[in-house]
Amino acid sequence: MPEKNTIGAAGLFGILILAAVLLAVPHLVSFSQQELLVFLTINVLLVVSYRLLTLTGEWSLAHVVMMGVGSYGSALYAKNFGFPVPIAMLAGAATAGLIAALLSFPLFRMKGFYFLIGSFAAGEVIRLIWKRFTDPFGGPKGIKRIPGFPEVDLGFIQIDFYQPENYYYLVLAVVLVSLWVLYRIERSRLGLTFHAIHWQDKLSESVGIDTFRHRMLAFVIASFFAGLAGALYAHYLSTVNPNQFDVDTMVYVLIWTIVGGTTRWYGPILGVIALTIIDEVILRAIGADQIRPLLYGAILIAAILFLPNGLESLVIKAKDALRRREGVAVEKVAVRKGAG
Amino acid sequence: MSDFLLQTVFNASYAASYMALIAVGLVLIFGVMGVINFAHGELYMAGAYAVVFFYAGLGLPFLAAVALGLVFVGCLGMLMELVLFRPLRTNPLGGLIASIGFLLMLQTIAVLGFGLRNQNVPPVSQGRITIGGAFLTYERLYVIVATVVLLTALWLFLRRSKFGWALRACAQDREAAALQGISINQTARYAMFIGAGLAGVAGAMTAPLVAPSPFMGHTVIVTAFIIIIVGGIGSLEGAVVAAILYAFVHTFVTTFYDGVIANIVGLLLMLAVLVVKPHGLFGVRERA
Numbered sequence: 099m100p101e102k103n104t105i106g107a108a109g110l111f112g113i114l115i116l117a118a119v120l121l122a123v124p125h126l127v128s129f130s131q132q133e134l135l136v137f138l139t140i141n142v143l144l145v146v147s148y149r150l151l152t153l154t155g156e157w158s159l160a161h162v163v164m165m166g167v168g169s170y171g172s173a174l175y176a177k178n179f180g181f182p183v184p185i186a187m188l189a190g191a192a193t194a195g196l197i198a199a200l201l202s203f204p205l206f207r208m209k210g211f212y213f214l215i216g217s218f219a220a221g222e223v224i225r226l227i228w229k230r231f232t233d234p235f236g237g238p239k240g241i242k243r244i245p246g247f248p249e250v251d252l253g254f255i256q257i258d259f260y261q262p263e264n265y266y267y268l269v270l271a272v273v274l275v276s277l278w279v280l281y282r283i284e285r286s287r288l289g290l291t292f293h294a295i296h297w298q299d300k301l302s303e304s305v306g307i308d309t310f311r312h313r314m315l316a317f318v319i320a321s322f323f324a325g326l327a328g329a330l331y332a333h334y335l336s337t338v339n340p341n342q343f344d345v346d347t348m349v350y351v352l353i354w355t356i357v358g359g360t361t362r363w364y365g366p367i368l369g370v371i372a373l374t375i376i377d378e379v380i381l382r383a384i385g386a387d388q389i390r391p392l393l394y395g396a397i398l399i400a401a402i403l404f405l406p407n408g409l410e411s412l413v414i415k416a417k418d419a420l421r422r423r424e425g426v427a428v429e430k431v432a433v434r435k436g437a438g
Numbered sequence: 210m211s212d213f214l215l216q217t218v219f220n221a222s223y224a225a226s227y228m229a230l231i232a233v234g235l236v237l238i239f240g241v242m243g244v245i246n247f248a249h250g251e252l253y254m255a256g257a258y259a260v261v262f263f264y265a266g267l268g269l270p271f272l273a274a275v276a277l278g279l280v281f282v283g284c285l286g287m288l289m290e291l292v293l294f295r296p297l298r299t300n301p302l303g304g305l306i307a308s309i310g311f312l313l314m315l316q317t318i319a320v321l322g323f324g325l326r327n328q329n330v331p332p333v334s335q336g337r338i339t340i341g342g343a344f345l346t347y348e349r350l351y352v353i354v355a356t357v358v359l360l361t362a363l364w365l366f367l368r369r370s371k372f373g374w375a376l377r378a379c380a381q382d383r384e385a386a387a388l389q390g391i392s393i394n395q396t397a398r399y400a401m402f403i404g405a406g407l408a409g410v411a412g413a414m415t416a417p418l419v420a421p422s423p424f425m426g427h428t429v430i431v432t433a434f435i436i437i438i439v440g441g442i443g444s445l446e447g448a449v450v451a452a453i454l455y456a457f458v459h460t461f462v463t464t465f466y467d468g469v470i471a472n473i474v475g476l477l478l479m480l481a482v483l484v485v486k487p488h489g490l491f492g493v494r495e496r497a
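Protein chains in written order, with our numbering: chain A, 99 to 438; chain C, 210 to 497.
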């Protein structure tokens, strides 16, 4: 794949607009929507890290529990061991990566649907341990009064992260850096190896790629970033409990990812943003709270029937059409020159 | 102590029975269509609500309500096949998402039609068998009997009838079956009817015992997935064996410790089986 490293003027313009929108958006929405925005940004990191895991061809149902490991880890490090919150967050994420590494040994003996359900079982065991053991996990009620992100005092400016709008900027910064790292990983030799394992695992093995170690690596990296998302979540909500990380939440991650599409890095982002806006803004505005799941279900079915390759296929098609028109324009110029 | 053990065996047999009905249906659907039906728990729920409507509501005889439940849920299954799984035949993940969409719709319809609260279904019979200190109510006994009868009938049907052969051929190799002149659409439609109908019967038969609610399918689907994985995804016999194994382990651990520990033990058991046999107890290795 030839890599394009330069950004054209149009691309630069697009990035500037995107940056302006991302910076301005908390000032354009209501307070409750600001909170939603924080969760949406965290969820973007969750689905993009999930996509990295699916690059190797395995679909896990443990991803939300890995996020929970980050939440619980970070909360406990900050509350019981007195770690400073930023360090606790990183330690929580690292714990999620470590747990993923341990789980790789039983889980990557399985493939396909067996892996899907096997990972669900492993995740569920972890979740039930949180639920069953009150010390130190707090049982069904979970952990409360988790310390928040410390106030930043630069003398001339004080930033209080209890404000959703300020926390949004913090989350945005962390998520953007993480997305960049994940993007670079996919474009690196490592990422190409993940793709190779997905499409030709026997062939990859025959040219000397250790497929187990690469699957494990993808799982660990994805879980680290899921854990980071979980840590951001825990210190914002200041409470975590086992039900936040149950299979329902996981099903939503799966829906967002598949409805968005997984062949491009932006697919899951489109999925999570589009479906969150449809569910939380449009359907909420209609007001019929009782039939919301019905409409949501119908939208899911319609999306999968009419866009089987995800929302990203729309973008890909639009890009192709644009390129073709440009191509036609160039050809026409050439023809005219030839004629003249 | 022996009474206590016998009682636990009774409880486990009952749990194994209705779980086997659900799991076998799920396996049948997966086998023929290659799709993971996430809405299977909601088909079970629909069966229970059929009894709420026909038996508790309209006062029809219980058996008639169960039969209507079977047909109703079977037709729901055929509808799913026609609208969702047929267009998505080459897209198993798409089928999964579509079935999630369908389950959300079924749940909402149940909430709209009957409300959020648990339904009260009058008991079918107050009788019970007593052996020593242990007892088995007739209601639970009916579930066990119905399971044995239905699964035996299904087994004979799949082994002996021409259509059963066609169905198994489709499960083994769809293209080869089509080459022999077997209609895949028709086979898939009937498989979906049978698979969904079995879940419907399970829901209908257990309705008087569980107080149906719109979200009752949730715990059931999770257990059903565990069972079909332990048994090996394509295997009907495996599903039955795994249902019995899981129900006994789960019931005994629940009785002697508590429910959460039982869930943990059940999941660890499943992981252990998969570590030793990555394709389940009766599963075959997928072709590369």
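Among the clues, some could well be false.
Said to hold, decoys possible - Calculated Cβ distances over 10 Å to all of chain C for the following chain A residues:
1. 108
2. 234
3. 275
4. 388
5. 403
6. 414
7. 415
Stated by the list, open to error - Heads up, simulated DSS-like pairs for lysine-lysine below, C-alpha to C-alpha not over 30 Å straight-line:
8. A:209 to A:300
9. A:300 to C:371
10. C:486 to A:209
11. A:239 to A:177
12. A:177 to A:242
Think of the hints as simulated: they come from the structure by calculation, not from any bench. Heads up, the beta-carbon is just placed ideally off N, CA and C, and yes, glycines get one too.
Comparing the hints with the structure gives:
1. Distance to chain C confirms residue 108 (chain A) as a non-interface residue, since its nearest Cβ pair spans about 34 Å, more than 10 Å.
2. Distance check for residue 234 (chain A) against chain C: the nearest CB is about 17 Å away, which clears 10 Å, and the non-interface claim stands.
3. Every CB of chain C is more than 10 Å from the CB of residue 275 (chain A) (nearest about 30 Å), matching its label as outside the interface.
4. With a minimum CB-CB distance of about 6 Å to chain C, residue 388 (chain A) fails to clear the 10 Å threshold, and the non-interface call is violated.
5. Once the 10 Å rule is applied to beta carbons, residue 403 (chain A) is inconsistent with being away from chain C; the minimum gap is 6 Å.
6. Against chain C, the non-interface label of residue 414 (chain A) holds: every CB pair exceeds 10 Å, the least being about 17 Å.
7. Under the 10 Å C-beta cut-off, the non-interface status given to residue 415 (chain A) relative to chain C holds; the minimum distance is some 18 Å.
8. Pair hint residue 209 (chain A) plus residue 300 (chain A) holds up; C-alpha atoms about 13 Å apart against a cutoff of 30 Å.
9. Straight-line distance between C-alpha atoms of residue 300 (chain A) and residue 371 (chain C) comes to about 39 Å, which puts the hinted pair past the 30 Å bound.
10. Of the supplied pair hints, the one linking residue 486 (chain C) and residue 209 (chain A) holds, its CA atoms being roughly 12 Å apart against a limit of 30 Å.
11. About 16 Å separates the Cα atoms of residue 239 (chain A) and residue 177 (chain A), which keeps this hinted pair within 30 Å; it holds.
12. Taking the CA atoms of residue 177 (chain A) and residue 242 (chain A), the gap is about 10 Å. The hint holds against a cut of 30 Å.
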